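Relying on the hints, combine the two individually framed chains into one complex.
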Amino acid sequence: MLTEDQAWKLLDSVPDPEVPAVSVVELGIIRELHCADDVITVVVTPTYSGCPATEVIGLAIRDTLLAAGVGKVELQTRLDPAWTSDWIGEAAREKLRAYGIVPPTGKAAVGGAQPIHFVKKTLTCPRCGSNDTERLSEFGSTACKATYRCKSCLEPFEYFKPI
Amino acid sequence: MTQTSVQTVAASAEHIEYVMRLGDNALILGQRLSEWCGHAPVIEEDLALANMALDLVGQARLLLTHAGNLEGKGRDEDQMAFLRVERDYRNITMMEVPNEDFGRTTVRNFLYSTFQILLWQKLATSSDTELAAIAAKSLKEARYHFNHSAEWVIRLGDGTDVSHAKTQAALDYLWPYTAELFAANPTDEAVSAAAIGPAWGELEAEWEAMVLPVFAQATLVVPARTPFKSFGKFGRHSEHMGHLLATMQYMQRTYPGAQW
Chain Y
1 MLTEDQAWKL
11 LDSVPDPEVP
21 AVSVVELGII
31 RELHCADDVI
41 TVVVTPTYSG
51 CPATEVIGLA
61 IRDTLLAAGV
71 GKVELQTRLD
81 PAWTSDWIGE
91 AAREKLRAYG
101 IVPPTGKAAV
111 GGAQPIHFVK
121 KTLTCPRCGS
131 NDTERLSEFG
141 STACKATYRC
151 KSCLEPFEYF
161 KPI
Chain B
164 MTQTSVQTVA
174 ASAEHIEYVM
184 RLGDNALILG
194 QRLSEWCGHA
204 PVIEEDLALA
214 NMALDLVGQA
224 RLLLTHAGNL
234 EGKGRDEDQM
244 AFLRVERDYR
254 NITMMEVPNE
264 DFGRTTVRNF
274 LYSTFQILLW
284 QKLATSSDTE
294 LAAIAAKSLK
304 EARYHFNHSA
314 EWVIRLGDGT
324 DVSHAKTQAA
334 LDYLWPYTAE
344 LFAANPTDEA
354 VSAAAIGPAW
364 GELEAEWEAM
374 VLPVFAQATL
384 VVPARTPFKS
394 FGKFGRHSEH
404 MGHLLATMQY
414 MQRTYPGAQW
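Protein chains in written order, with the numbering used here: chain Y, 1 to 163; chain B, 164 to 423.
So that you can see chain B by itself, here it is in the shape it has in the complex (with noise of 0.2 Å):
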C-alpha cells in the first residue's frame, strides 16, 4: 500500500534525526526479539516476542519511512533498513545489546515499553500530524509489551532462585545503558523547541515512577547510576551492532533490490 505523507514545511535536519532514532530502536529491537522466534521457552513466549517483534518491526517501517519523506532524498523504508552504514544507525545502545537469556530480553523490553508508553502518549500530539498517527497507534501496542514484560519481571524476580538470580543480572547489565535515553542533546532540545516532540529526559522522572515499583515488587535491586555511558543514538555503537547488521541486512545486500 501506498504511504501518503504530507509535509508542508521542509523538515530540519534534527526532526529527521528525531524520527530515525525511533525508527532504529523500534527496527533494532524487533531484530532482536525476531532472534526468539523457535526458541523462547515455552510455546506461548515464542508466539509473543515474534508477535512484540512484528509490532515493532511494523511501527519502524511507518517511522522509517516518514524519516525518508522527511529527508527528500527518495530513500524509502527498505533503503533505510537495509542499506545504511552501522554509525548511520541512532538506536540506543540497549537496543543492540545481545538478547542473552529470557531474563534479560524481558528486562529490556519492559524498560523500553515503559519509555515508548510515555514518549508515544506525548508525541500524540505532535505538530508532525504523521508522526502524531503512528504515535497514537504504536501507543496500543506498547500497552501490551509493557504489561507482557512488567508481569515477568515480577514473575521471574520474585520467583526461584536461579529466576532472581538471572533477572537481577540482567538488571545490573542493562540499567547503566538507560542513562542513554535521557541524555541531554542538540537534537532533544531543538526538536522540543519545535514542539515536534518532548525531550527524552523530560521523561525520566515519569520513567523511574513506572519502573521501580516494579522491580521493588520483584524483590530486584536498582544498580546505583555509575559514570557509564553509551552512544548508540549518535552513531556510536557497541560491537554487537555490526554481527547484527550482518544478520539483517545480509538478503539485501547479497541481492540488491530484491523484493519479497
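Bound conformation, chain Y alone (with noise of 0.2 Å):
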C-alpha cells in the first residue's frame, strides 16, 4: 500500500500527454488523494471542457498507480473552483519555456473581467529571446495553446494561453 506522499510522487511522474514537459501535478489538476485500505481516490480537476487529454490523463493515472501495487483507483472529477492557468508553479512554467513554450503570463482574467480586442502581448521567443514576435492565431495545436512566431529567428512557437 502507498502512503499518500508516495502516491504524490509517483503522479508527480505521470506527463500531461499534450505538454509532456509538465506532470499532471505540476499542471495543478490532481486536487486531493485519498488513500484508504487498497483504494487511492484521486480527485482531477479537468483543464478545458473539451481538452481530449483528460481521459487519456485518467488512464494514465489508473495505470500508474495499478502498476505501483495499488489495489483500486477511484477517479473523481471536480469543477469547482474551476481549473486557472494560475495553478502551474513557477518550476513548472520554467521547465514549459525551456521545452518551448511560453507559459501564461499575468494572471488569468477572473470574474467579469473582459478581454480587449486588438491588445496584442509581446511575448519572448524561448528559442532566441527576442521580443519581436507575433500572433498568429489565439488557437494552437491544443485548446490550451496559442500560435506565435518570433520574426528574428523566423521560428513559430506556442504560448500556453492564461485561463
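What the hints contain is simulated information worked out from the structure, not anything from laboratory work.
For clarity, every value in this text was computed on a predicted model and none was experimentally measured.
Accuracy of the hints is not assured; some may be wrong.
Unchecked claim - To be clear about the criterion: a stretch of chain B counts as covered by chain Y if any three or more of its residues have a C-beta under 8 Å from a C-beta of chain Y, and this derived list gives those stretches:
| hint | stretch |
| --- | --- |
| 1 | 221-231 |
| 2 | 409-419 |
Stated by the list, open to error - Quick list of in silico lysine-lysine cross-link-like pairs, DSS-like style, CA-CA up to 30 Å:
| hint | chain 1 | residue 1 | chain 2 | residue 2 |
| --- | --- | --- | --- | --- |
| 3 | B | Lys285 | Y | Lys121 |
| 4 | B | Lys236 | Y | Lys107 |
| 5 | B | Lys392 | B | Lys285 |
| 6 | B | Lys285 | B | Lys236 |
| 7 | Y | Lys9 | Y | Lys95 |
| 8 | Y | Lys121 | Y | Lys72 |
What the hints assert, rightly or not - Output of the computed footprint for chain B on chain Y, the stretches with three or more beta carbons under 8 Å from beta carbons of chain B:
| hint | stretch |
| --- | --- |
| 9 | 81-93 |
| 10 | 101-108 |
| 11 | 140-151 |
Glycine included, every Cβ here is placed at the ideal spot set by N, Cα and C.
Spelled out as C-alpha cells, the structure:
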C-alpha cells in the first residue's frame, strides 16, 4: 500500500500527454488524494471542457497507480473551482519555457473581466529571446495553446494561454 | 471519469428544459464548427474552429450529463446527444443553420459567444451548484471564442469589398434568428423565479451593448427587427436540423451502444 506522499510523487512522474514537459501534478489538476485500505481516490479538475487529454490523463493516473501495486483506483471529477493556469507553479513554468512553450503571462481573468480587442501581448521567443514576435492565432495545436511566430529567428512557437 | 453530481431536490421540468437548451446549443454549434475541420481558409482557422468545436462539445457533455441526472431517467450524455429525435432538441435555430461561408460562421460565433459570456457570468452564481461550476469553467472558454470572433468580424467587415459584402450578408441572414434568444417563455420565467438562472430576455440590453459597437467598428449595418420568429428552443426546428442530426447520429444509430 502506498502512502499519500508516495502517491503524489508517483503522479508527479505522469506527464501531461499534450504538454509532456510538465506532470499532471505540476499542471495543478490533481486536487486531492485519499488512501484508504487498498483504494486510492484521486480528485481531478479538468482543464478545458473539450480537452481530449482529460480521459487519457485519467487512464495514465489509473495505470500508474495500479502498476505500483494499488488494489483499486477511484477517479473523481471536480469542476469547482474551475481550473486556472494560475495553478501552474514557477518551476513548471520554467520547464514549459525550456520545452519551447511560453508559459501563461500575468493572472488569468477572473469574474467579469473582459478581454480587450486587439491588445497584443509582447511575448519573448523561447528559442532566441527576441521580443519581436507576433501572434498567428489565439488557438494552437491544443485548446490550451496559442500560436506565435518569432520575427527574429523566424521560428514558430506556442504560448500557454492564461485561463 | 465519473461525473459526480449531487442534486438534493427533485428538479422541475423547466429546470431540466433550461439545462437542455444550454447543452443542445453547445452540442449543435459544436457539430457545425467541426464541419470546418480540414476546410477552413487557413490552417490557423482550421485549428481555431476545431478547438472551439471541442470546447463546445466538452461543455455539451457536462451539460447533457447534468440534464440527464436532473431528469433521473438514467439517460447518459451519449443517449442525450445521439438517441433523441429532432423535436426533443432544444437548441436555438441559429445554431443549426448551415455554415455557408467563413463570414457567416464568424458572425454566428460572435453573436453567440457574446451571449454566452453574459449568460455564464450570471449562471456562475446559480443555486444549481453543478450548473454554476460548469458556467464558471465555460465562461473562460467563451471569452476566447468572443475575442477571436470579434476580431474577425472587424477584420472581415472593415476589409475588402468581397469580405465586407459576405459578412454583411451573414449579419442580414443571422440577425432575425437572434430574436429567439430573448423571446419570453414560461421556462425562463420559472427558472428565473427559482434563482437557477436568468431569463434570457434579461440579457438583451447588455448583449446589444456588446455586439453593436463591434458591428459599427466593422462598418456593418445591423438590420431592423422584423416579425420573423424561430422556435428551435421549443423543439420546432428548421429544415436543416434533420440533415445535421442524420450526420451526427449516424454512428450511434448504426451501432447502438458503440463506445469509442
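Against the structure, the hints come out as follows:
Under the rule that three or more residues need a Cβ within less than 8 Å of chain Y, the assignment of the stretch 221-231 of chain B holds, with 4 such residues. Taking a C-beta to C-beta cut-off of 8 Å, the stretch 409-419 of chain B contributes 0 residues in contact with chain Y, too few for the three needed, and the coverage statement is violated. In summary, the hint linking Lys285(B) to Lys121(Y) is supported, as the alpha carbons are separated by about 29 Å, within the 30 Å threshold. Under the criterion of a C-alpha separation no larger than 30 Å, the hint pairing Lys236(B) with Lys107(Y) is inconsistent with the structure, at around 42 Å.
Of the supplied pair hints, the one linking Lys392(B) and Lys285(B) holds, its CA atoms being roughly 26 Å apart against a limit of 30 Å. A C-alpha spacing of about 28 Å is found between Lys285(B) and Lys236(B), which places the hinted pair at or below 30 Å, so the restraint holds. For a cut-off of 30 Å, the pair hint linking Lys9(Y) to Lys95(Y) stands: about 17 Å separates their Cα positions. Restraint check: the Cα-Cα separation between Lys121(Y) and Lys72(Y) comes to about 46 Å, which exceeds 30 Å; the hinted pair is violated.
For the stretch 81-93 of chain Y, the assignment as covered by chain B holds, since 4 residues bring a beta-carbon within under 8 Å of that chain's beta-carbons and 3 suffice. A stretch counts as covered by a chain when three or more of its residues have a beta carbon under 8 Å from one of that chain; for the stretch 101-108 of chain Y and chain B the count is 1, and the coverage is violated. Check result for the stretch 140-151 of chain Y against chain B: holds, 5 residues qualifying (beta carbon to beta carbon below 8 Å, three or more required).
The structure fails to meet hints 2, 4, 8, 10 from the earlier list, while all remaining hints are met.
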